[in-house]
Amino acid sequence: MSLSVLQAGPMLSVQDLGRKGLLHAGVSGSGPMDPPSFRIANALVGNPETSAALEFALVGGVFAVTHPVRVAVTGADIDIRIDGVSRPAWESHDLRPGSKLAVGGVRGAVWGYLAISGGIDTPVVLGSRATHLRTALGGHQGRRLQAGDTLGLGGGASGPLLRLATMWRQAAHPIRVVAGPQDDYFGPDAWAVFTGARFVVSAARDRMAQMLEGPMITAVRGHDIVSDGTVAGSIQVPASGKPLVLMAERQTTGGYPKIGTVASADLPRLAQTPSGQAVRFKVITQEQAEALLLGWRRAWRTVIANLAEKPRAAARTRSG
Amino acid sequence: MNEPVARRDVFPRIAACGDCALAIEFAEHIDEAVNARVIALATALADCPIAGIEEMVPTYRSLMVLYDPEIVSGRVLRQTLATRLAGLAVGRTPLRRFRVPVLYGGAAGLDLAELAAMKNMTPADLIEMHASADYRVYMIGFAPGFVYLGGVPEALHTPRLPQPRQHIAAGSIGLGGQQASINSVPGPSGWRFLGRTPVRVFDPARPQPFLLRAGDRVRFQPISLEEATRLDVAVAAGEIGMTAEGAL
Chain A
0 MSLSVLQAGP MLSVQDLGRK GLLHAGVSGS GPMDPPSFRI ANALVGNPET
50 SAALEFALVG GVFAVTHPVR VAVTGADIDI RIDGVSRPAW ESHDLRPGSK
100 LAVGGVRGAV WGYLAISGGI DTPVVLGSRA THLRTALGGH QGRRLQAGDT
150 LGLGGGASGP LLRLATMWRQ AAHPIRVVAG PQDDYFGPDA WAVFTGARFV
200 VSAARDRMAQ MLEGPMITAV RGHDIVSDGT VAGSIQVPAS GKPLVLMAER
250 QTTGGYPKIG TVASADLPRL AQTPSGQAVR FKVITQEQAE ALLLGWRRAW
300 RTVIANLAEK PRAAARTRSG
Chain B
0 MNEPVARRDV FPRIAACGDC ALAIEFAEHI DEAVNARVIA LATALADCPI
50 AGIEEMVPTY RSLMVLYDPE IVSGRVLRQT LATRLAGLAV GRTPLRRFRV
100 PVLYGGAAGL DLAELAAMKN MTPADLIEMH ASADYRVYMI GFAPGFVYLG
150 GVPEALHTPR LPQPRQHIAA GSIGLGGQQA SINSVPGPSG WRFLGRTPVR
200 VFDPARPQPF LLRAGDRVRF QPISLEEATR LDVAVAAGEI GMTAEGAL
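Which chain is which? The protein sequence lines are A and B, in order.
No gaps in the numbering here: position 15 of the first sequence is 14 in numbering that gives the first Met the number 0, and each next residue is one more.
No gaps in the numbering here: position 96 of the second sequence is 95 in numbering that gives the first Met the number 0, and each next residue is one more.
Quick caveat, the hints were computed from the structure, so don't treat them as lab data.
Be aware that one or more of the hints could be misleading.
For each label pair, taking beta carbons as the anchor points, the in silico distance ranges come out as [what the hints assert, rightly or not]: (1) A/T149 with B/A236: 27 to 37 Å; (2) A/E286 with B/G86: 22 to 32 Å; (3) B/P185 with A/D188: 38 to 48 Å; (4) B/E153 with A/K19: 34 to 44 Å; (5) B/P158 with A/Q145: 32 to 42 Å; (6) B/L224 with A/P187: 37 to 47 Å; (7) B/V89 with A/S1: 36 to 46 Å; (8) B/S223 with A/K19: 51 to 61 Å; (9) A/G104 with B/L84: 15 to 25 Å; (10) B/P93 with A/Q6: 47 to 57 Å; (11) B/L94 with A/H66: 32 to 42 Å; (12) B/P93 with A/G104: 37 to 47 Å; (13) A/K281 with B/Q165: 53 to 63 Å; (14) B/T82 with A/K281: 26 to 36 Å.
Every residue gets a Cβ at the ideal spot worked out from N, C-alpha and C, and that includes glycine.
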């Protein structure tokens with residue numbers, strides 16, 4: 000039972016929810032850039048949340064399978080075709096041997112997910128199948144997928160085709176940020192710039208970090224600190240004065256002062272903001288960010304709990 | 000609205016790192032006693048865990064704790080941590096000592112000759128100075144298993160290269176500023192390199208993927224090319240390739 004990659008987008012990798020418990024040993028969590036979309040994709044094909052699926056940026060690729068599976072694509076408005084017939088994202092579809100699944104352009108966002116029933120069965124490395132591209136850990140040989148790759152699939156493929164009954168929407172607020180841990184490295188002028196200016200999401204971005212373009216932010220106490228721990232969402236300000244946000248594949252420690260940390264509930268929204276678009280930052284308290292996070296978890300859990308079987312008529316045309 | 004605060008000089012202090020982490024900062028500089036407190040707190044929290052803490056990241060001067068706000072709020076966790084800090088006893092953790100074999104010079108010793116010239120030393124003197132120091136693992140960070148060492152003799156403190164090199168092999172033995180390194184994975188680096196160890200401080204395929212942890216003591220043992228070649232074979236066959244010198 001396997002999946003063949005016939006064509007691959009430029010940033011196609013195996014991900015699961017990421018490595019846990021090894022930050023103290025320098026091992027990045029890795030995992031999806033947009034965790035709720037990743038979770039919903041797995042749920043749509045009946046996979047447990049621990050299953051591995053594929054993540055891609057902008058373009059997925061063309062795929063074929065050796066046995067019947069269900070597939071689902073999530074993350075954004077994404078063009079999907081099975082044997083040339085257009086299919087909607089955010090619901091599951093049957094894919095049979097001999098058919099070709101083309102996962103095309105991501106519209107108005109960056110990251111997409113392709114889940115396959117049974118899950119991608121690559122070796123578990125340090126507790127996870129997630130690919131960490133920088134250190135070539137996990138996934139398929141620790142690298143991006145390319146045409147010609149074949150990935151094993153787990154079993155347990157049968158089940159109904161599902162769709163969303165509750166919409167999953169990311170709000171369009173400013174990106175909310177908790178100040179610190181080095182908030183005191185920045186004076187009132189720097190804070191006025193950070194909270195007042197628009198920052199353009201740069202095309203200089205990958206799974207490790209997102210660069211931002213905008214007015215310079217100067218740290219009154221300098222742009223070097225004795226390295227300390229980072230989290231996904233840490234906003235580092237190097238001597239260039241251009242902030243960068245650490246993402247899923249971040250290094251575990253860093254030596255630039257961190258003016259703030261993007262709220263967990265807003266980080267996938269930043270990840271999904273197309274290059275060239277502007278964002279603003281709004282400072283909230285840690286308590287407010289925690290409340291946002293809990294509400295956000297409730298929201299995607301509700302979406303997953305309310306997945307509905309697709310109407311029979313739609314299901315019947317699937318073999319078409 | 001969380002107003003940006005004035006500089007806070009009172010340590011230890013607890014800083015917010017978003018909605019899932021707190022950093023307990025003991026100082027802003029590199030200091031052995033500071034690092035000992037970081038490790039003492041990490042050890043105390045590992046021995047007697049606080050519900051909701053999922054991971055800990057000990058670094059030179061701070062301990063980051065990652066928590067799940069569904070289990071414990073940052074506000075409550077700050078109070079619990081403050082109580083733990085008040086009763087923190089340092090120095091109970093037994094030290095682990097290791098002797099790491101190093102082949103100085105050769106292809107991996109990219110900067111040995113130049114560095115010796117810069118310091119007005121012979122390469123042999125520089126090797127002896129590097130190998131006679133007692134190093135402390137301040138943290139494992141940046142990349143899997145990457146070892147940051149303190150305790151570099153002052154005469155060996157060296158600025159980093161203006162232009163980083165694109166590929167430095169795993170096992171390379173480096174110097175950067177006041178720090179020394181055992182590189183764990185291949186990658187770019189602006190540090191200067193004196194040689195290599197056959198030991199793989201990180202190997203995900205090994206039952207024990209990481210050999211060192213923050214707080215360990217390390218000494219370097221110069222070895223011959225013959226010995227390095229023998230150890231390369233042994234390490235490839237699954238041996239650790241370095242010796243523990245026992246707890247202090």
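Here is how each hint holds up against the structure:
The hinted range of 27 to 37 Å is satisfied by A/T149 and B/A236, whose Cβ atoms lie roughly 31 Å apart. One distance hint, 22 to 32 Å for the beta-carbon pair A/E286 and B/G86, holds here, with the actual separation near 26 Å. Take B/P185 and A/D188: their Cβ atoms lie about 42 Å apart, and the range 38 to 48 Å holds. Between B/E153 and A/K19, the C-beta spacing of about 40 Å keeps the proposed range 34 to 44 Å intact.
As the Cβ distance of B/P158 to A/Q145 is approximately 40 Å, the hint placing it in 32 to 42 Å holds. A C-beta distance of roughly 60 Å is found between B/L224 and A/P187, which places it outside the suggested range of 37 to 47 Å. At roughly 54 Å, the beta-carbon separation of B/V89 and A/S1 lies outside the given 36 to 46 Å, and the hint is violated. Between B/S223 and A/K19 the beta carbon distance is about 42 Å. The supplied range of 51 to 61 Å is therefore violated.
Taking 15 to 25 Å as the suggested C-beta distance range, the pair A/G104 and B/L84 does not conform, at roughly 53 Å. For B/P93 and A/Q6, the Cβ-Cβ distance of about 56 Å falls inside the hinted range of 47 to 57 Å, so the restraint holds. The beta-carbon spacing between B/L94 and A/H66, approximately 55 Å, falls outside the hinted interval of 32 to 42 Å. Taking 37 to 47 Å as the suggested C-beta distance range, the pair B/P93 and A/G104 does not conform, at roughly 58 Å.
Taking the beta carbon of each, A/K281 and B/Q165 are about 39 Å apart, not inside 53 to 63 Å as hinted. In this structure, B/T82 and A/K281 meet the distance hint of 26 to 36 Å, their C-beta atoms being roughly 33 Å apart.
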